[in-house]
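2 protein chains.
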Amino acid sequence: MNFEQLQKQIVFIHEIDKIKYIQRKTRLFNSDRAENDAEHSWHLALMAIVLSEHSDQKIDLLKVVKMLLIHDLVEIDAGDVFLYDTVANHTNTEAELAAARRIFGLLPAAQADDLIAVWEEFEAGETAESKFARAMDRMEPLLQNRSNSGGTWQEFNVKYDKVLEKKSVIREGSQHLWNYAKALIDQSVEDGILQK
Amino acid sequence: MNFEQLQKQIVFIHEIDKIKYIQRKTRLFNSDRAENDAEHSWHLALMAIVLSEHSDQKIDLLKVVKMLLIHDLVEIDAGDVFLYDTVANHTNTEAELAAARRIFGLLPAAQADDLIAVWEEFEAGETAESKFARAMDRMEPLLQNRSNSGGTWQEFNVKYDKVLEKKSVIREGSQHLWNYAKALIDQSVEDGILQK
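If you read the protein sequences in the order shown, they are chains A and B. According to UniProt numbering, the first sequence is numbered sequentially starting from 1. According to UniProt numbering, the second sequence is numbered sequentially starting from 1.
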């Protein structure tokens, strides 16, 4: 029996377990326990399935789910950068590209190329699928912060205008979800959990 | 703006966060930290994507991924039953069905019906998609136990014949993966981390 191809896939499956140790700044719903990247990725993938009807454009849902399941794997090498970090750049850095090449590179070559391309498409945010996937990535922490009396907005003194700017990514994927998100953000000011 | 449909979906998205607190018996790779159901579901979904070529039958990969992302949600109400538990029945119990109806029932009716059907299909294990999904569910803890010097096999005194019986589910989804899994199980006896 030839397990050569499979053995590479198993090495990858083993390696990605490390994402379970990468802590995000955002906390679970109604909780002070930080979320890790595996939990976050699971939640986004299932959100995409449940919310797909709200995408403004027709989307290949399997591709969206793939994007969301793998989008944070580069953080195994490159670490998590907080969305509101004012120093580090939360975009496609050299370190993340090197991480993508190393981690996906554990897979058989064709499969590695395919997943690197999916990851790059997510990062670029230009296709319908990546726009919807990125909307999910902005939506979850908004809901979490709402449930945690402001959560990271309070903890890191993030103001309304900055939240609106970062969350407006949701609009590129879904006008309907953006209308809802915008209403939640405005409500957060009224509730006193987000400062103008 | 009418957010009625969306509001139900958001309630569901909020509710399923609870799966992040449900601890499995199996531990992370090379670790003594128990895995939770969200991490487990994330890992299985990505395993299905990476290993799909090994399915014996043609599969709808999106459906497989959906199954794996939702398969443990019923444990929010019904709790985790250890695979090798000799008292509790690790099959579709009344408690699990009631849990499925309550949790998926938070969604708009058509969507709830769809996901309950997907969950039931997984539990029944009769279609190509459910067979492959169930193979993933057996494969991950096998790899984890291998990495943890026997892990739950040692901890709960589970013997070779029982492991072989439970893991043979993998064969229904993929002969190739089963050949690999069987070799790992046999190797575990040779390595002294699984008793005959």
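Since the hints were derived computationally from the structure, they do not count as laboratory data. It is possible that part of the hints are untrue.
It does not matter which identical chain is used: a pair holds within one copy or between any two.
[Said to hold, decoys possible] Distance condition first, Cα-Cα at most 30 angstroms in a straight line; then the derived DSSO-like pairs of lysine-lysine:
id, residue 1, residue 2
1, Lys182, Lys25
2, Lys58, Lys159
3, Lys166, Lys18
4, Lys18, Lys63
5, Lys63, Lys196
6, Lys159, Lys63
7, Lys25, Lys196
8, Lys63, Lys182
9, Lys25, Lys58
10, Lys63, Lys8
We went through each hint and held it up to the structure:
For the identical chains of this complex, Lys182 and Lys25 are intra-copy neighbours only, at 22 angstroms inside a copy versus 41 angstroms across copies, given an alpha-carbon limit of 30 angstroms. Taking the shortest Cα distances, Lys58 and Lys159 never come within 30 angstroms of each other, neither inside one copy (34 angstroms) nor across copies (51 angstroms). Within a single copy, Lys166 and Lys18 get their C-alpha atoms as close as 28 angstroms, and across copies as close as 27 angstroms, so both meet the 30 angstroms cut-off. Proximity of Lys18 to Lys63 under the C-alpha cut-off of 30 angstroms is found in both arrangements, the shortest distances being 23 angstroms within a copy and 26 angstroms between copies.
In this assembly of identical chains, the alpha carbons of Lys63 and Lys196 never lie at most 30 angstroms apart, being 37 angstroms within a copy and 44 angstroms across copies at closest. In this assembly of identical chains, Lys159 and Lys63 lie within 30 angstroms of each other by CA distance neither inside one copy nor across copies; the values are 34 angstroms within and 41 angstroms between. Within a single copy, Lys25 and Lys196 get their C-alpha atoms as close as 22 angstroms, which meets the 30 angstroms cut-off; across copies the closest is 46 angstroms, which misses it. In this homomeric assembly, Lys63 and Lys182 come within 30 angstroms of each other (Cα to Cα) only inside a single copy, at 27 angstroms, whereas the closest approach across copies is 32 angstroms.
When the C-alpha separation of Lys25 and Lys58 is checked against a cutoff of 30 angstroms, the pair qualifies neither within a copy, at 32 angstroms, nor between copies, at 41 angstroms. Taking the shortest Cα distances, Lys63 and Lys8 sit within 30 angstroms of each other both inside one copy (22 angstroms) and across copies (25 angstroms).
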